[in-house]
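Peer 1: The chain contents come next:
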Amino acid sequence: MKYLGCAYYPEYWGPERVATDAKLMRAAGINLTRIGEFAWARMEPADGTFTFDWLHAAVDTLGEHGIEVMLCTPTPTPPAWLTFAHPDTLLVNADGRRLDHGSRRHYCYTSETYRRFSKRIVAKLAAEFARHRNVVAWQIDNEPDLIETGICHCENCQQEFRTWLKSRYGSLAELNQRWGTGFWTVDYSDWQQVRLARANHAPSRQLDSRRFANEKLSDFVLFQSELLKQQRADWRVSTNLNGEVFTSLDYFKLFDRLDVACKDLYFDICTMDVNAMIMEQFRSFKPGQKYWVTETGAGMCGCGRPAHPGQFRAWLWSSFAHGGDAHVVFRWRTCLSGQEQELEGMLEHSGVPGHRYKAIQKAFLEMREQSAKLRDLPLPETAVAFVHDYDVAFTYQSTGIGTLVPYEKNFTALHREFYRRNVRTALVPPTADLSPYRLVVLPSLVMINPTLAERLKEFVAGGGVVFAQGQLGLRDANANYMRHRGPDQLQDLFGVLINGGMYLHSCVGVDETSASRTPFTVKLAGKLARGTAAVWLGDLEAQDCRVLLKVQEDTYAGQPAITEKKTDKGLAIYSAAAKLDDRLVGKLVDYALGKAGVAAVKGIPEHVEVIRRGTRTFVINHRAKPVQVKVAKKRLRLPAYGVAVVSGS
Amino acid sequence: MKYLGCAYYPEYWGPERVATDAKLMRAAGINLTRIGEFAWARMEPADGTFTFDWLHAAVDTLGEHGIEVMLCTPTPTPPAWLTFAHPDTLLVNADGRRLDHGSRRHYCYTSETYRRFSKRIVAKLAAEFARHRNVVAWQIDNEPDLIETGICHCENCQQEFRTWLKSRYGSLAELNQRWGTGFWTVDYSDWQQVRLARANHAPSRQLDSRRFANEKLSDFVLFQSELLKQQRADWRVSTNLNGEVFTSLDYFKLFDRLDVACKDLYFDICTMDVNAMIMEQFRSFKPGQKYWVTETGAGMCGCGRPAHPGQFRAWLWSSFAHGGDAHVVFRWRTCLSGQEQELEGMLEHSGVPGHRYKAIQKAFLEMREQSAKLRDLPLPETAVAFVHDYDVAFTYQSTGIGTLVPYEKNFTALHREFYRRNVRTALVPPTADLSPYRLVVLPSLVMINPTLAERLKEFVAGGGVVFAQGQLGLRDANANYMRHRGPDQLQDLFGVLINGGMYLHSCVGVDETSASRTPFTVKLAGKLARGTAAVWLGDLEAQDCRVLLKVQEDTYAGQPAITEKKTDKGLAIYSAAAKLDDRLVGKLVDYALGKAGVAAVKGIPEHVEVIRRGTRTFVINHRAKPVQVKVAKKRLRLPAYGVAVVSGS
Amino acid sequence: MKYLGCAYYPEYWGPERVATDAKLMRAAGINLTRIGEFAWARMEPADGTFTFDWLHAAVDTLGEHGIEVMLCTPTPTPPAWLTFAHPDTLLVNADGRRLDHGSRRHYCYTSETYRRFSKRIVAKLAAEFARHRNVVAWQIDNEPDLIETGICHCENCQQEFRTWLKSRYGSLAELNQRWGTGFWTVDYSDWQQVRLARANHAPSRQLDSRRFANEKLSDFVLFQSELLKQQRADWRVSTNLNGEVFTSLDYFKLFDRLDVACKDLYFDICTMDVNAMIMEQFRSFKPGQKYWVTETGAGMCGCGRPAHPGQFRAWLWSSFAHGGDAHVVFRWRTCLSGQEQELEGMLEHSGVPGHRYKAIQKAFLEMREQSAKLRDLPLPETAVAFVHDYDVAFTYQSTGIGTLVPYEKNFTALHREFYRRNVRTALVPPTADLSPYRLVVLPSLVMINPTLAERLKEFVAGGGVVFAQGQLGLRDANANYMRHRGPDQLQDLFGVLINGGMYLHSCVGVDETSASRTPFTVKLAGKLARGTAAVWLGDLEAQDCRVLLKVQEDTYAGQPAITEKKTDKGLAIYSAAAKLDDRLVGKLVDYALGKAGVAAVKGIPEHVEVIRRGTRTFVINHRAKPVQVKVAKKRLRLPAYGVAVVSGS
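Residue numbers (the numbering used here), protein chains in the order written: chain R, 39 to 687; chain B, 39 to 687; chain E, 39 to 687.
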């Protein structure tokens with residue numbers, strides 16, 4: 039890895055401590071610190087009064103110890119003087135309450151006032167720090183998303199929303215038509231009547247509200263990027279994204295205009311299959327490039343126990359193997375005060391290196407030594423692409439169906455079958471070039487982007503295999519269902535028509551007061567075994583396809599549930615169930631991989647990762663117990679959280 | 039059934055589609071559509087500009103296909119222009135937030151402005167459509183209740199509430215006395231101090247707030263009824279009630295002034311015993327008349343799975359057998375956009391008939407054929423009446439006791455024992471004529487209406503059997519407990535005094551940190567077996583009665599728990615426990631039925647309904663499995679969801 | 039006991055009923071009534087109009103029946119006319135909503151207006167009732183706490199908070215430093231920016247907000263005390279504290295300036311171990327004095343089932359044995375109306391004596407007879423003191439850690455081991471004189487008061503045993519962690535350094551999606567057995583101590599977990615785990631008791647209390663079943679809820 043680092047707060051610990059810290063960092067193998075994302079009030083303690091001395095000194099001292107710096111713009115935490123003098127800079131939540139000082143991300147991302155102050159501090163920072171050679175990268179803001187404080191509903195946002203809608207739809211007549219206002223006749227007759235959606239409003243209005251907020255917040259990030267790039271074009275400028283990767287900002291669009299994909303990944307929040315998926319996602323944002331983990335736990339509170347020291351190492355190697363090029367620990371030292379004081383740093387409160395320091399130091403020093411010879415290995419080969427469309431994610435968030443047909447859960451469950459087989463995947467946007475892949479997976483792609491439709495056809499014509507699951511091509515770009523039968527634009531590709539669908543859950547049975555889901559029993563025509571479907575099942579009409587699986591249940595008996603259509607060279611498989619049981623979906627994945635000629639690595643215990651990169655294979659045991667595996671024709675015995683790098687594949 | 043129908047939205051699907059739809063409807067056996075309940079903005083797109091052409095055309099086209107129309111007044115969804123120009127028409131919730139455009143039922147039912155606009159549109163509609171012969175019925179508003187958006191707390195409502203209280207109580211002194219303001223001395227000394235209750239306020243204040251809102255919203259419905267009747271007296275005018283039948287509006291009073299009892303009944307929300315109870319309730323609102331199901335699921339989302347096609351038929355026949363004369367499916371076609379888009383129609387999004395259409399078509403056509411010969415059968419005989427008093431329901435909602443002594447749950451559990459025995463019941467108001475019945479059941483009747491008291495005495499004197507359970511006659515008309523011992527006005531009838539009562543639940547035991555309810559063990563003096571009591575047990579003093587059951591538990595050992603008092607011809611049974619175990623309450627029900635000479639149909643599996651109507655007996659299997667039953671001396675084998683109509687009883 | 043009493047509401051029941059009630063009270067052994075805490079509107083029905091006649095009459099009538107009176111100031115429930123004319127007297131909650139009339143405790147405790155009106159009514163009451171000989175005590179307000187309605191956030195409180203902070207810290211610079219505003223740089227640059235904390239704000243800001251509110255509300259109580267004492271110095275003046283003893287007001291400071299410790303203790307809310315701890319706490323507030331139970335259930339609703347009649351007696355005797363000198367039942371008669379109408383009184387609604395009256399009467403008459411000879415016994419000997427610091431309690435409330443390291447739960451669990459051994463304890467403030475004790479327990483004392491540090495050193499030097507558990511001496515007085523290693527000020531006493539700590543819970547395992555706590559396995563060096571730790575484990579460095587227990591788990595293997603340091607005469611034991619399993623903590627408690635020479639009474643079934651007072655030993659069976667115990671060399675057989683007083687110890 040190029041960078042092993044930590045988040046550092048010289049504004050908190052004071053200038054007199056920097057040299058001591060830099061020395062300890064260096065001893066721990068650290069060569070990057072991230073600085074400044076919350077330091078606005080210490081950079082500009084009063085309106086127009088700037089104090090950068092402490093920061094210059096810190097950056098210099100770090101540089102003297104061979105440590106480079108990722109500087110941050112401090113916009114997540116406006117100073118008290120700013121929000122008190124300019125309340126219009128504060129976000130107003132859906133209930134109309136203006137947020138107040140003392141937290142973070144409480145700013146309005148459309149406020150012109152806020153942009154003016156942000157511009158001044160960012161431009162100043164950029165100008166001031168252009169001369170430091172060891173400032174190599176920038177993080178804009180901190181974890182910009184629409185989750186932590188929600189969408190802003192201030193009157194300025196309302197007005198901007200109207201402007202945005204006007205430029206999108208031109209007229210109110212078109213807006214009414216696109217939003218499908220005919221049910222409950224919520225028709226708008228004057229632009230002033232139009233406002234951002236609250237939770238109980240119609241899906242298309244909610245979707246556009248999310249899109250608007252997404253664009254405006256992304257724009258707030260990108261406007262800062264331009265300011266920085268104007269100062270020095272060679273800086274690597276990005277932002278650190280966190281949280282709900284399916285439901286926050288459109289990360290594809292954002293990273294497209296930034297230099298490196300950066301992720302805050304606390305490995306103990308999710309199980310390892312999800313972590314691996316997230317790393318594959320970040321690997322995909324900038325094709326051919328490595329990603330950075332800009333925050334990871336030194337030892338957490340709130341999310342989980344402090345990492346087993348061996349576990350930190352396993353996670354570090356997993357990140358490296360997946361294509362990580364930076365691993366930045368949050369945070370250097372546990373803070374004594376303030377919010378998030380429970381998030382533990384590498385150093386104790388006392389500033390003394392303890393367990394966490396030692397575990398991280400050991401792992402970092404080993405990585406520095408090893409990565410010299412391993413860093414130039416080719417990235418993992420990904421012959422499989424999952425299509426992830428943020429409009430689809432926003433749509434599931436915007437409709438009542440989102441709780442019944444959980445998009446993220448279904449996506450993750452399907453991806454897990456590839457993780458279990460040690461098949462690496464890419465997560466690509468609907469506009470992606472599909473030519474690098476042999477298998478393309480479409481999970482719950484309820485909207486079909488026209489570019490994607492075209493590319494899928496070319497892809498299959500060229501011999502590719504497509505595997506779609508769940509709701510497919512049923513909604514238009516405004517999240518409205520379509521009058522024609524699905525899968526929209528893909529009817530010929532799959533050789534089926536989707537007439538509608540059935541929700542398979544049941545809150546109430548006739549004989550009992552509460553019941554869980556009602557699975558359908560299915561049996562495969564050919565090789566595949568019986569299984570069950572849940573959540574939702576498309577009402578299929580086979581046109582020009584082979585039926586792999588039919589419903590056995592007496593009501594819908596004989597109706598197709600899984601189909602495939604072969605072309606000269608390619609294949610399009612459609613499983614109409616939003617969720618199949620793991621065993622059955624596993625068999626389908628095996629089948630699709632086989633047809634696509636993608637090799638899986640099976641016979642490996644779960645949560646042992648096998649990742650090939652050129653001539654080497656990384657084997658990482660994420661389990662608390664030793665395991666024996668056979669990889670690259672070698673028998674390996676890995677201890678708990680053990681890591682091995684073997685030659686061959 | 040006279041009407042087999044569906045909800046239809048020509049304002050949504052457009053005029054060009056109506057003929058196609060009408061044809062498909064006709065083919066499905068449909069002869070009624072419900073139209074217009076949300077179409078205000080398409081009827082009056084701007085203040086005073088009316089556009090009824092599309093609606094005239096739709097009604098005409100439907101008429102040409104032999105389909106009649108239930109028109110609706112569109113007041114649940116005021117147009118955007120109206121609420122924006124007149125914010126005083128918007129409901130203000132308990133937290134003081136004025137609701138906003140984009141939902142439904144967000145209007146204030148006391149607003150004079152809203153009434154003015156409502157009057158204009160309703161009068162216009164009535165005048166415009168008086169000439170259409172196939173407009174046969176009207177629905178006012180849509181599902182008026184106090185649940186969906188809650189009680190309005192705007193300043194106009196506050197003022198109206200004061201006026202209402204003044205006319206009810208005359209003086210503040212009387213108000214203070216009636217509301218029992220002496221505890222915490224919340225005494226009012228000026229009318230301006232009086233406001234509608236919020237959730238944490240005193241029970242009597244809450245009860246009057248509910249009564250006030252109930253009256254005002256009912257009045258809003260009835261004022262529309264008058265407008266319509268002024269136009270044509272032969273229209274059948276009503277409204278469709280939904281939701282919480284125990285806790286919403288006083289349906290008895292409302293239907294008393296409307297032409298037909300209409301219920302939105304989605305059969306998959308509750309188990310069949312509750313559905314049957316609700317149908318019996320609606321059968322009871324207009325004695326001697328049939329009820330209408332104005333909405334029922336074509337295939338749901340949110341509440342349950344799409345009906346098994348056979349299950350739709352079973353529900354249809356159950357509704358018919360209980361006395362339904364209309365069965366209107368919600369909705370003709372699944373909407374493409376807007377709220378509730380997950381509620382599936384008979385047609386798919388595509389407009390193509392699919393599974394749901396076919397299942398409903400089959401059931402409807404069969405019904406049309408059969409009901410010709412069955413429609414004139416007498417209604418089911420109901421020798422048993424449950425007294426349901428909305429003041430009691432509102433009282434349980436208004437007091438902390440409502441969660442400890444769940445009125446609706448206890449009522450339903452008691453009624454279930456009659457359902458299990460295929461004994462049909464009526465649900466009657468406290469002012470009902472009791473002479474048609476042989477057994478009258480009083481579940482948790484904590485307030486005794488004076489009329490009821492008189493009629494019960496006559497009823498028993500005339501040979502009737504009364505069976506009361508739980509809290510009985512302990513509160514006055516303001517939900518205050520009474521100084522004298524219960525059961526108020528009925529001490530002589532039952533020959534007991536209720537000194538007070540004991541709450542049988544226990545949050546905390548002495549030996550464990552949490553415990554569930556603490557049942558008392560009881561043993562019957564005579565024939566009945568042991569059992570347990572729960573929730574609440576009255577502290578009884580036997581006066582002039584026979585004790586059927588005594589408490590066995592050592593503390594209260596020997597205290598009466600179930601008593602009966604015989605008169606010359608009649609009998610009054612009182613079970614002092616709010617809840618007995620099913621087996622024991624079943625034995626009591628058998629006992630009471632036996633004494634009343636009401637025949638039960640036993641030996642039938644649960645959820646198989648046996649309903650007698652004159653010379654025919656309907657047998658409906660609501661189970662997913664075939665059953666064998668013996669009915670009217672015939673052995674029947676019914677498949678899953680099977681229906682049979684046999685001669686004899 | 040000196041007083042056996044009940045809460046009485048003559049303003050509710052009317053003057054004509056008082057004589058009847060007084061007679062019935064007297065017959066039940068009652069010699070004290072508590073009167074007036076909610077009666078403001080009946081004492082002052084209009085601004086400046088006072089009506090005390092009814093109260094004079096009631097007090098006189100009670101006096102004639104030999105019943106003394108604890109009068110109350112009526113400030114929890116301001117009259118409607120007051121809050122309507124002066125809205126600034128109403129509390130504003132954290133969301134900015136001003137509370138409204140119809141509830142209680144809805145006043146702002148910093149409002150000058152409210153204080154003016156309160157002063158007038160309290161001074162009037164005191165002057166009016168100074169002449170009644172049977173008015174012997176006063177209760178101020180009712181259950182003052184910061185829980186029921188929360189902290190007030192009105193603009194007056196905001197201004198007062200700033201004033202309070204200024205006087206505490208002098209300058210904004212100091213405030214910023216004390217609050218540790220450097221993380222997220224929430225620095226204040228103008229006093230107007232400073233406001234009371236809401237839930238998501240930084241811990242030090244939350245802590246000071248709680249301290250401020252605590253001081254202001256306490257001051258509101260004490261200002262009333264002065265008014266009363268000015269009238270008659272011989273009155274026993276106090277207030278009745280309830281609810282969350284760990285999280286409400288600083289009861290030590292409050293009772294220090296009042297005459298008697300009064301507790302509202304509903305025995306069926308908690309299990310008996312917690313009740314016993316609470317009684318020991320109230321015994322400790324006024325050293326050497328007896329406490330009063332100012333409210334206890336006659337038979338509850340909401341909290342639990344009505345007491346088994348024998349159980350009321352067991353609780354009464356337990357209270358007596360622990361040092362109670364008054365036992366006041368809430369309430370004389372169940373109210374007919376208003377809030378809390380579900381709380382049952384001794385009399386039924388009807389005013390007729392029923393089950394509850396009879397059970398209480400029996401217990402009270404027995405107590406009156408017995409207590410003549412038992413009342414002068416010395417109080418229970420307490421050789422063990424638990425240090426309880428409200429700043430620590432407020433700190434756990436103010437930080438995210440409070441949910442992970444539950445202070446109250448851990449405190450209670452540790453105390454339970456003493457209860458199980460029938461070892462009586464005192465709960466003392468950090469400033470207490472420790473010389474009366476042989477063992478001092480420090481549960482989760484994350485802040486160390488300097489006085490305590492000094493006294494602990496003297497105590498151990500004098501031969502005392504200290505036993506500390508969990509987080510110890512890690513935070514400064516502003517709830518900030520300290521730069522130096524813990525335990526602050528006590529490093530030498532314990533001979534250890536605490537470098538930091540580990541959170542042992544784990545939300546997420548690697549092999550499963552959710553996991554519970556991750557216990558460490560430990561083994562005792564010497565006599566003690568294996569066990570597990572949970573929640574949090576200090577990262578210890580042994581300096582000058584003996585290690586009793588080491589961590590066995592491979593990661594932290596060999597690290598000390600429990601240590602002791604012997605001095606010439608004393609001993610300091612530190613268990614670094616916030617929570618150990620019951621068996622292990624029991625062994626530690628045995629060990630500490632042994633070293634301190636404190637005798638335990640073992641071999642007694644759980645929830646059978648053995649309490650020694652001089653020459654007598656009280657044995658109380660809180661179980662629903664008979665038990666056999668050997669106490670004071672006698673074999674006793676106690677029935678369910680049985681009580682025995684035996685000679686000897």
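Wrong hints could be hidden among the right ones.
Stated by the list, open to error - Cross-link-like lysine-lysine pairs, in silico, BS3-like; alpha carbons within 27 angstroms at most:
| id | chain 1 | residue 1 | chain 2 | residue 2 |
| --- | --- | --- | --- | --- |
| 1 | B | Lys400 | R | Lys588 |
| 2 | E | Lys291 | E | Lys204 |
| 3 | E | Lys324 | R | Lys663 |
| 4 | B | Lys663 | R | Lys588 |
| 5 | E | Lys324 | E | Lys447 |
| 6 | R | Lys396 | E | Lys588 |
| 7 | E | Lys447 | B | Lys588 |
| 8 | E | Lys588 | R | Lys400 |
As the list claims (entries may be wrong) - Restraint ranges, calculated between C-beta atoms of paired labels, are given here:
| id | chain 1 | residue 1 | chain 2 | residue 2 | range |
| --- | --- | --- | --- | --- | --- |
| 9 | E | Thr441 | R | Gly326 | 54 to 60 angstroms |
| 10 | E | Thr441 | R | Val684 | 41 to 47 angstroms |
| 11 | E | Gly208 | R | Pro677 | 54 to 60 angstroms |
Stated by the list, open to error - If you want a taste of the chain B side facing chain E, the calculated C-beta under 10 angstroms gives, among others:
| id | residue |
| --- | --- |
| 12 | Arg216 |
| 13 | Val232 |
| 14 | Leu535 |
Simulated from the structure, these hints should not be mistaken for lab results. For each residue, glycine too, the CB sits at the ideal point set by N, CA and C.
Peer 1: Taking the hints in turn, state whether each one holds.
Peer 2: Hint-by-hint comparison with the structure:
no.	hint	verdict
1	B:Lys400 x R:Lys588	24 angstroms, holds
2	E:Lys291 x E:Lys204	22 angstroms, holds
3	E:Lys324 x R:Lys663	57 angstroms, violated
4	B:Lys663 x R:Lys588	22 angstroms, holds
5	E:Lys324 x E:Lys447	25 angstroms, holds
6	R:Lys396 x E:Lys588	20 angstroms, holds
7	E:Lys447 x B:Lys588	43 angstroms, violated
8	E:Lys588 x R:Lys400	24 angstroms, holds
9	E:Thr441 x R:Gly326: 54 to 60 angstroms	44 angstroms, violated
10	E:Thr441 x R:Val684: 41 to 47 angstroms	45 angstroms, holds
11	E:Gly208 x R:Pro677: 54 to 60 angstroms	58 angstroms, holds
12	Arg216	9 angstroms, holds
13	Val232	9 angstroms, holds
14	Leu535	9 angstroms, holds
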